[in-house]
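Enquirer: One letter stands for each residue in the lines below.
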Amino acid sequence: MKAALQSPTARALLALLIVLLIGVIFPADDAFYRLGTHRDALRQASVTGILACGMTLVILSGGIDLAVGSILGLTAVCFALFSIWWQWPAWLAVLACLLIGTACGLASGLLVSLLRLQPFIATLAMMVFARGLAKTVSGGVKVATAVKNADGSFRYVDVPDSFRTLDSRLLGGNLSMVTVIFLAVVAVCGVLLTRHVWGRDLYAIGGNEEAARLSGVHVRLSKTLAYAGCGLLAAIAGMCQAAQEQQGDPEAGGGYELNAIAMVVIGGTALTGGRGGILLTLIGAATIGYLEKILSLNAVPEASRLMLTGVIIVAAVLTQRRKRY
Amino acid sequence: MPISRRSFSIAAAGSLLAACSTSKEGKKFTVGMSQCNLGEPWRVQMNADVEAAAAKHPELKVLFKDAQNDTLKQRAHIEEFVSAGVDALIVTPKESQPLTEPIAKAYQAKIPVIVLDRAVVGDQFTTFIGADNRKIGRAAGEWLKKKLNGNGRIVELKGLMTSIPGQDRNQGFRDGIAGSSIEVIFEADMKWLEPDARKEMESALARFPKIDAVYAHNDPGAHGAYLAAQAAGREKDIVFVGIDALPQEGVAYVRQGILSATFQYPTGGAEAIDAVMKLRAAQTIPRQITLGSRVFTAENAAGGGEPLA
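Note that the protein sequences, when read in sequence, are chains Z and B. Residue 1 is where the first sequence starts when you use the working numbering, and the numbers rise one by one after that. Residue 1 is where the second sequence starts when you use the working numbering, and the numbers rise one by one after that.
Keep in mind that the hints were calculated from the coordinates and are not lab data. Careful, some of the hints might be misleading.
Simulated restraints, written as ranges between beta carbons of each label pair [claimed, not checked]: (1) Arg-195/Z x Pro-209/B: 42 to 52 Å; (2) Ala-150/Z x Gly-257/B: 24 to 34 Å; (3) Gln-171/B x Arg-195/Z: 56 to 66 Å; (4) Ala-187/Z x Ala-298/B: 25 to 35 Å; (5) Lys-27/B x Thr-165/Z: 36 to 46 Å; (6) Glu-302/Z x Asn-69/B: 17 to 27 Å; (7) Lys-236/B x Ile-18/Z: 32 to 42 Å; (8) Arg-195/Z x Ala-52/B: 54 to 64 Å; (9) Asn-69/B x Leu-271/Z: 41 to 51 Å; (10) Val-180/Z x Gly-257/B: 26 to 36 Å; (11) Gln-283/B x Pro-301/Z: 47 to 57 Å; (12) Glu-299/B x Trp-85/Z: 38 to 48 Å; (13) Thr-194/Z x Leu-160/B: 35 to 45 Å.
Partner residues are not named here, just some residues of chain Z that face chain B (Cβ under 8 Å, in silico) [what the hints assert, rightly or not]: (14) Ala-28; (15) Arg-34; (16) Gly-36; (17) Ala-146; (18) Tyr-156; (19) Glu-302.
Computed footprint of chain B on chain Z, listed as stretches where at least three residues anywhere in the stretch have a Cβ under 8 Å from a Cβ of chain B [stated by the list, open to error]: (20) 37–44; (21) 239–250.
In this text the structure is predicted, and so the values were computed from the model without any measurement. C-beta atoms are modelled at their ideal positions from N, C-alpha and C, and glycine is treated no differently.
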């Protein structure tokens, strides 16, 4: 019993329960007890949550990926561009965006594993590069349903079906499609991390890279794939973002990388690598999502929101401590 | 971010060289345009307006610099333009106080300086061209007062409230609805960002069964609120009003039936080039030019909106 309470999962759940308790104490005219509120809280956490899943892969291997927010922006712009302006079929637009995101991640991964750049530096470079590329591709404007004609006037096109599908709801309107995608991503990452040799290699590399190399782990390949996977997931998040905004905003995702890292850390995955898991990230994502939702429901002023978020993050991480100091 | 800064200064050096060579070669009248931040669509539109207006005058050559929301970078850009010897300078300052002195130095170096959008302190510039956010906010308030017959429950989605435009659009709106039974039941700072506006609106929808109108400090905010209401199946019961009226954003939303009205916050780009041409012809121009605004509604958007009184 005592051992179960001290497991990382139990501790992560405790942090989530504390946040939910705040919601019970301040239900905002009982809005907190409505089903729709919970659907929205989870929907809002989903896009950043998908980023956090990719971040978990990289952090477990002892790295960090600062580029996810920018890759989200880039793929959001590309998805809107392909689907709305160029009217590509959905499968082609999705495939192209997945390739773009993966290519960005792969580039970061190669910089880290082959050229031995610090992950912080390599992904910082990718972060500014991808943001610049997003602005170049979009011409600095949002790619939306108002399409500019050659003579400067605008014509309006319908929101593509792929956007509507990604922003739809299931189970009688009680679950958002993006949340389902998030959960599917969690499931796939979970299987890879616990049942596949690549996942276990990532833990080994994060624990002790030299020891992993000496015991025959393909360190370079595994690490490169972690960044590529992170880029792929950022592309999925970018398409979800574009669908929800019904446009591709080249500024989308600015600062999301920090939220994604916060979700991973609040879940209890160690920033030093080698320790943690995807289920913890799911709980961390829910914790941050509910925290934002509860503050918003109660219309807490921005200044107090920032301070409260800081305090609650520290409180949540303190409950994660393995030992008492 | 060391990398972006380095790459940028290389680009800046390149454009500086270009500036030197053109002013030596030809009789072109060179205008330096120091934009504080091209991350916002409204400022992209402003540069586009300057470019379009300048294209009508083949003797003009406009050099653009983007300070990427960094005051010190913008100060460096202004100083670079002065040492490159441009014939006129258009500046949209990121901040008043810190950029007052660099602008004054340019003005003292006998370069005409047109300050656009945000004012600087003192009188060391040629002219200031800007719109009045408070007036536009008030017009939005009065329009909603009329639309709702002086009675209703409103959600206000505010821009960054530490910024002057956010404060003015808030204060002006409150002045506009004063004396009516209109009540602001939910207000939140969405920091000019559409995803944030959608989140805040979802909270408002969860809390209040009856919302008559949404006033957002910019059009993307109003659009985000509309998407939230649409997902809840309540968009038909709510009047959405935004500000800025960019052709591809607010005006497009009005024409698509998403917003009921948007109030233009003019960029002044064309007026700035107009002022440059007058200065070049040695005409006198006023020290301050206040831009007029227009309202776009479903009835008049196709015809280009109506000027505000």
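Enquirer: Please go over all the hints and tell whether each is borne out by the structure.
Expert: Hint-by-hint comparison with the structure:
In this structure, Arg-195/Z and Pro-209/B meet the distance hint of 42 to 52 Å, their C-beta atoms being roughly 48 Å apart. Taking 24 to 34 Å as the suggested C-beta distance range, the pair Ala-150/Z and Gly-257/B conforms, at roughly 25 Å. Under the hint 56 to 66 Å, the C-beta atoms of Gln-171/B and Arg-195/Z, about 59 Å apart, fit the expected range. Distance hint for Ala-187/Z and Ala-298/B: a CB-CB separation of about 46 Å, inconsistent with the stated range 25 to 35 Å.
At roughly 59 Å, the beta-carbon separation of Lys-27/B and Thr-165/Z lies outside the given 36 to 46 Å, and the hint is violated. A C-beta distance of roughly 19 Å is found between Glu-302/Z and Asn-69/B, which places it inside the suggested range of 17 to 27 Å. The hinted window of 32 to 42 Å between Lys-236/B and Ile-18/Z holds, with their beta carbons roughly 40 Å apart. In this structure the hint that Arg-195/Z and Ala-52/B lie 54 to 64 Å apart at CB holds, the actual value being about 59 Å.
Checked against the hint of 41 to 51 Å, the C-beta distance between Asn-69/B and Leu-271/Z comes to roughly 29 Å, which is inconsistent with it. Here the CB-CB span from Val-180/Z to Gly-257/B is close to 30 Å, well matched to the stated 26 to 36 Å. Range check, Gln-283/B to Pro-301/Z: Cβ separation about 49 Å, and the 47 to 57 Å hint holds. A hinted range of 38 to 48 Å for the beta carbons of Glu-299/B and Trp-85/Z is inconsistent with their spacing of about 29 Å.
For Thr-194/Z and Leu-160/B, the hinted distance range of 35 to 45 Å is satisfied, since their beta carbons lie about 44 Å from each other. For Ala-28/Z, the shortest C-beta to C-beta distance to chain B is roughly 6 Å, which falls under 8 Å, so the interface hint holds. Interface hint at Arg-34/Z: satisfied, since its Cβ lies 6 Å from the closest Cβ of chain B, which is below the 8 Å cut-off. Restraint check, Gly-36/Z versus chain B: the minimum CB separation of about 6 Å is within 8 Å; hint holds.
Evaluation of the Ala-146/Z hint against chain B yields a held restraint, the C-beta minimum of about 4 Å falling below 8 Å. With a least beta-carbon distance of about 6 Å to chain B, the hint placing Tyr-156/Z at the interface is held under the 8 Å criterion. A hinted interface residue such as Glu-302/Z counts as satisfied when its beta carbon comes closer than 8 Å to some beta carbon of chain B; here the least separation is about 4 Å, so the hint holds. Only residues whose beta carbon comes within less than 8 Å of a beta carbon in chain B count, and the stretch 37–44 of chain Z has 3; three or more means the coverage holds.
Closer than 8 Å: that is the beta-carbon criterion, and the stretch 239–250 of chain Z has 5 residues meeting it against chain B, so the requirement of 3 holds.
Hint violations for this structure: numbers 4, 5, 9 and 12, all remaining hints satisfied.
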